[in-house]
Structure formats: C-alpha cells, structure tokens
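**Q** Protein chains in written order, with my numbering: chain A, 323 to 659; chain B, 183 to 441; chain C, 202 to 480.
Read the hints as simulated data drawn from the structure, not as lab findings. Treat the hints with care, since some could be wrong.
What the hints assert, rightly or not - Derived pair list, reagent style BS3-like, types lysine-lysine, alpha-carbon separation capped at 25 Å:
# : chain 1 : residue 1 : chain 2 : residue 2
1 : A       : Lys-430   : A       : Lys-476
2 : B       : Lys-355   : A       : Lys-474
3 : A       : Lys-476   : A       : Lys-328
4 : C       : Lys-207   : B       : Lys-366
5 : A       : Lys-547   : A       : Lys-476
6 : A       : Lys-476   : B       : Lys-279
7 : B       : Lys-277   : A       : Lys-338
8 : A       : Lys-397   : C       : Lys-207
One-letter residues, chain by chain:
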Amino acid sequence: MSEFLKIENLNVTFGKETVIENLNLSIPENAITVFLGPSGSGKTTVLRSISGLNRNAQGKILLDGKDISELPVNKRNIGVIFQSYALFPNMSVFDNVAYGLKAQRIGKAEIKQSVEDMLKLVNMNEKANSFPDDLSGGQKQRVAIARSMIMKPKLLLLDEPLSALDAKIRVELREQIKEYQQKLGITMIFVTHDQAEAMAIADNVVVISDGKIQQQGAPWDIYTKPSNEFMATFIGDHNILSGSELKSLGINNLSLEQKYLIRPESITLNKLAESIADEVECNGQIISAVNYGNRIQYVIAKDTLRLKMEALNHTLPLKIGSQVKVFINKAKILQLN
Amino acid sequence: MKVKKRTPKIILTIIFIYLLLPIVATFLYSISTSWINTVLPEGLTFKWYAQLVFNPEFLNVVLRSLVLSIFTTILGLVIFVPVIFYMNIYNQKLKAKMRYITMLPFIIPGIILVTGLIQLYKDIPIPKIVILVMVLSVMSLPLVYQTLNNVFISKDFKSMFEQSQLLGYGPVKSFMFVIVPNIKTGLIVSTLLLFSAGLGDYVITNLFLGGNYITLKIYMYRLMAVNGNAGSVLTIIYFIMLSILSAILIRTTSKAKKG
Amino acid sequence: MKMSLKNRFLLLFVLLICLVLIFPIGVMIISSFNSQDGSWGLMNYQELFTNHYYRNAIGHSLTLSLSASLFSEVIAILGAWSLTKMSSSVKESLVTIFNLASSFAGVPLAFSLIILLGNSGVLHVISKSLDINILGSINVYSWLGIVIAYSFFEIPLGILFLYPTFEEIDQGWKEASDTLGVSNCFFLKKVIYPVLVPGLVETLIILFANAMGTYETVFALTGNNITFISTIIGSLIGGEITSNIPLAGALSVVFGLVMIALVIMGNLLVRTKRITEGK
Ligand SMILES: Nc1ncnc2c1ncn2[C@@H]1O[C@H](COP(=O)(O)OP(=O)(O)OP(=O)(O)O)[C@@H](O)[C@H]1O
Ligand SMILES: [Mg+2]
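Next comes chain A alone, as it looks inside the complex:
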C-alpha cells in the first residue's frame, strides 16, 4: 500500500504567518521516509500535525485508510521521538519503557516480558534499573525509541533524533534504527538535516522547503534526477551552468537559455577508458583544493567559469595554480527546468 499515510490539503498558520499551505503527501507502508529541508521549512510542523500535537492544523490526515484528523493525540497510536529524548526523569529505564503499556489493560507479567524484550532489542537490558539522568545521550535516545516502539505504533515519527549525538554514535544508531524498522515492520518518518544520514537510511525521501514539497522519491532519484534548481543545489555538491557557458567549454547542441547541472564527480582529471566517446576535454587552472580525507575537491578556473570537481585522494595532491586537463562526462549533464 503506497498510501499508508495520506495528507490532504494540510494548512497550518501561526498567528498571521502561514507555515504550511495546501500540502498533499502520501507515504508508503513499512518503509523509512525521510523529510529533508532547510531550517524553518516546516518539517517539525508537519510531523506535529500528523501526530496531533499541533492543534491549529487544518486538513485531512488518513492513516491506514482511517481519517484521524479529529482524534486527540492519545488516541492516534502514533509514536514520536524528539531530539531532546523527553524521558521521564522520575522513572527508571524500565518504568519509562513500561509507561505506555500501563495505560492499557495489560497484565503485569506480560508488561514485564515485553519491556525486557524491548530493552534487549535496543541493547539496554543491563540499564533497566538506571535513571535517565545517569545515561549517555545515545543511551537515552535508545530508551526513548524503545518506549515508543513498544506501543507498536502504526507510524513512528522521528524528529532529528540523532542531532544531539556525536558523529560516531549517530552512524551507529541510525543503522540500528533501520534494523529495528525492518525487524518490527514499523512505518517511519525520519526528519534530518544531514544529507548523508538521509541517503543512508531512507527508502523514500521527501524534500520540503518553505512549507511546500519540492520532490519525493527514492534517494537515488532525488540525487540523480533533481526536479528543479532548488533540488539540484540543495542536495549534494553541484555545478550549475547555462547552455551558452557549456558551449564555451566545447559542449554543443544544448539549449543556450537552459540551465544544466553537472555533479562534481562527473568531472575527472583522467580519461576514463569506458566512456571516451562521451567525454569533453578542456583546459583549466586549479584555484583551490580542499582535502576531505579520502577525496579532494578542486575548483578549476577556465576563463570566468568555475568548475567544482572531485578526485580520489590516492595520488599526490595537485598544487594550486597548476594547469590541468579535465574531462566532463557528457552523459551526466542534466537539464534543469
């Protein structure tokens, strides 16, 4: 079912400011959908509207075919993970995770069993009797995730759940989240600022800017087939050139007024054996070099044009000022509309 969650004509205003205007969106079941977008674009607002926390949302929200727009927060069976964990400091890890089950009519023994299983899954079973203040950030977030997942929510919303954690834990935890998702078959919406994180975890990406959906699709498509200039510049590094500029580089038969996208990795310093036919060669001068560890990003100047390109960092870096020959893969030039 590709319309597990369906949002129709969502409108959100705060005071006089319209934050979300006529937003329509469908989200597939049993997959991770990532919301990506600049700060202030309305991602949190959409999540809060779905979960019912945002009381001035107008529009229709259908979950699994049922209209939930009028249901109060505690009747929607939607889980939310906040960046700030929101653990209850007066309860132990065990009680935090058991909290939601206690609201339902479930026997004590059964609750105990489920909580223990869940804590084992998130690898926190040894900390069951600790209190939130004694846990690290990563541990807290694992407890928060367990606390939401134990409710078997129809939908789990994660609002930048990893932003407060350090780089290593982030990668670890995002992989675990993906694993839980597959194991338990929960549909998730995951908000992040981090494009690498988005690409790594997503089955489906929704890019939002200014309260509007710019593009939705698989991560690969979002990157390789950006639907407009915003998308091209927002996701990944980019060179955007007009047809006439490309002509001056020796690439003909393109529309002169149109704009085109060339990803930095489509430009190389060496001829690639397999794509000879598609390559255009031109001369330029290196004016900047930034070392990213495994790769180096160069900026090459040709007359007034600037081209960003990347090279793997396995040869000695080229010096700034050196004259180089670059090869542009013609097949990878994308027309933007």
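Based on the hints, put chains B and C with the ligands in the right spot on chain A.
**A** Below, chains B and C with the ligands alone, put in the same frame as chain A:
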C-alpha cells in the same frame, strides 16, 4: 584571612542579636512567674503555656487559622499550578502579559486592597470567608509565580507532557504522572508560601471580616491588651510555627540544589 | 459549547484575579469620586489635599517611610557585605534566619517590642532595678520607636535583596584583580556604577514601598493614634463613627499612584543597568 573575616563576623553578630532581642525578651517573659522590679524574672514557669494551650478558645483559634491556611493553599495550588504550567508550555505571549498581573499584589498592599474588597462585597451575598480565601491565595501569587516559573523553565516539560499523551494518556493523567512528580520542590515551596499567607495575614482578615473570624494573629492582638503573659506565649508559639515553615522551605530548596 | 480543559483553568484564573484584584480596585477608584451623600466629583481628593489632617498623614507616611528605609538600608548594606564574606553553609543558615525575621512582622513583632521596650517592658524593668537609664529616650510608641520597629523586618528584607548585588560585586572584584590587576577607576566604571548603584536604589525603593504599605505593625503598636496613610485608611474603613469609605478609596488611589510611580522608577533603573551592562 582570619583577621579579614573578623569585621564581617562582628557586624553579623550584632545584627543577629539586635533582631533576636525582642524574641528573647518575649520568650523570657513567657516563662517567668512575674517580672516587675528585678533584673531577672523572679521564677520560671510553664504555667502560661499550659493555661493557653488547654484553653478551648485557643484550640478554636488554631483550628480557624489552619482552615484558612489549608483552603488558601488548596485553592492556590489547584489554580496557579496548571495555569502557570500552561503559560510556560504553550502560551509564552500570555505569559509575558501575565507578568504584570502577577506583580500587582506586590504593588498593592493589603490595606489598600481591603478598601476595595469591602466596597465590592458589602451587598453581595457570597460568604466573605470564601472571598477571603481567594484574596489570600492571590496575595501570594507573586512569589508562587516566581517559584513555579523557575521550576518550569528548568526542564523540557513540554516534550515530557506531549510524550505522555503520545503514549496514550490524557492531559490530566499526563500532568499527574509526569509533571507533578518532577516539580515536587516547586510544589512544596508554593505550598509553604500559600500556607504562610493564610497563617500570617491580619489586615485583610480583620478588616474584611470585621473581626468576626478570629485567627491566630487577631487573637494575639486581643490578648495583648488583656493578658501579657498569654500574649507572649502565643507570640512564641507563632514564632516557632514560622521557624518550622522556613526550615522546611530552606531544606527543600537546598536539597533541590544539591540533588 | 464544550470548553477545553486548559481554557476552563484559564477562565477560573482570570475570574479569580478579577474578583479579588481587578474589580475591587476598579470599584475603589470609581467610588473615590463619590461622596458619602451620593454626589460625584473630586471632593474626596480636594479634602485630602486641603485638610491638614490628611496632608499631615501623607507627609508623615512619606517621611517615616523614608527614614525607616534609609536607616534599614544602611545597616542592611553592612549586613549584606558581611554575608558575602561567610562560608557557604553559614550563608545558607543566615539567609534562613533573615528570611524568618523579615516575615516576623505585624502583631507579634509589635507585641515583642512592647515587651522589650514598652513602659513596663523588660528593658524598663531592668533599668529601673539597676537604677540606670539604658533606654534613654526611646519610646516604642513614638516616631523613633516606629522606625526601630520597622527596622526589625526591613533590615533582614534589605539584606536579602542586597545580598545578590554584593555577591556580584565580589565576583567582579575577583575577576578584575585576576585578569587586569586592580585599577580603581576601571572598577568604579565597570562594577560600582552599573551594579551597585542600581542595586542600592532598587532595594531602597522596595524598602520604602514596604514601609509605606505597613499597617499591621503601627496599628498594633499605636492603634489609630498616629496618623499615617495606612492607619487612616484603616480607621476610615474600620466601621467606626469616622468611617468614610469613599475617602478611604481616594486615599488608597493616591497611595497606589505613589507605589506605581516607585515601581516604574525601579523598572527604569533596572533597564539602564541592563543597557550599561550590555556595553
Ligand atoms: N508554535 C509556533 N508559533 C509560531 N511560529 C511557529 C511555531 N512553530 C513553528 N513556527 C514557525 O513555523 C516555521 C516552520 O517551523 P518548523 O519548526 O516546522 O521548521 P523545521 O523545518 O522543523 O525547522 P528545523 O529544521 O530548524 O527544525 C518557522 O518559520 C517557525 O518560525
Ligand atoms: Mg524541526
């Protein structure tokens, strides 16, 4: 270092003795048989205490004061805690406006307020004691507001409150289960503030109720003229009550700071 | 119409505030323009400012409050400064004691003072039996007596309010001497002027306002005999023959205006303090 500390120590000791002098004198007076023409009292006795404590009127007075304090405390807690919570979590704009209102009882002393109260309620058939309870709780609003405000900005209560609802609890249960246990200190301090407001008021209770509801302080005032010994005993008992209240207050706040 | 829970609480709160704060004050202001025989006008205010009795009372209140608050502030300055030099556990217990002392006002304080300083009070008894005059001319029922009475709750109150200011200065002093070596001029500009002066004035305003509003202590000491704004209001509404509630209202309005002026002054000061700190 020690020499440096001597002056402040002397100053504080003098201030301390100065402030304590009336209480010490009252205490000595309250346990003396008679003290008329001698440097020290002629003899010591607890008979004034026994006399007062076993006086049924005294018990009535204490009861009345307690009733007033308890209702003031309950009303204040039931209304102020949720409202201040709500303003902090969901309505910062309202909070900014409310600041001025919460300051009002600070600016307007009881003697002024009671003038208006008497006029407003002279012909309205609401029991005046009900109004009095309301007034006393509002008079302690500035301090209660400040206390609770500090508590509510100390943690991310909004997320906790929302999370509890997401986990299936209604707003009232969420408030009871995840907010109340985490603001205990603030609640205890507010309770004590409200309670002392009920216990300590004289002006409004006396003038508004026209002296018909005799509380500790009113009783004390009446005893002053009639029986100095009994009055001094009551003063000491009142002082001890205040001391206990402030000791609990400081205990709670300093524990919260450490814990 | 179903009202949400939060709105019900808000409504209750607003109702409570209106019933015991806004409405009474409103009624008081309106009726201050009403005379006892039912006509409307400024006669109550006219009366207040032309009748010597009331003019004197206003004058008494202002001068007494000023002297009591100044006297208490001077001692409180010494106390607050000394308090910053104590170890933190001593500080904590002293703060408790000052807190207690500041709330021990009104009837019990008046009574204690009468026992201590009154005509047949402890000190009198002692001085009589020793045949020396310890008390000098101190009389609890007099002007000086009232200043002393006020000082018992104003000194601790002043210390509680001044103490954070002195802590701040102490810190500033340490920082200045750590980082720059001590330059008096710098210290004066950076610490004394922006921190100490507003702190002192603010506290003085609080003490002054507090003294102005005090009714219980004077009343318990002197009855309605000494004329202050607060005791006159008390006797005007006390249900005696002199009772004149509209006049009490007018007096209260004047009083309220003085208080508001003081608070605005205090706010302005805090703002200038913040601005200078911003620089
Ligand atoms: N409670 C509120 N009151 C007023 N305006 C709000 C409120 N919540 C959000 N907004 C506004 O709505 C817009 C979208 O905010 P939102 O938090 O949804 O953005 P976001 O995409 O989640 O941003 P970020 O990535 O920084 O978290 C912002 O302009 C914000 O100022
Ligand atoms: Mg957000």
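**Q** If you check each hint against the structure, which ones fail?
**A** Numbers 5 and 6 - these are the hints that the structure violates, sorted from lowest upward.
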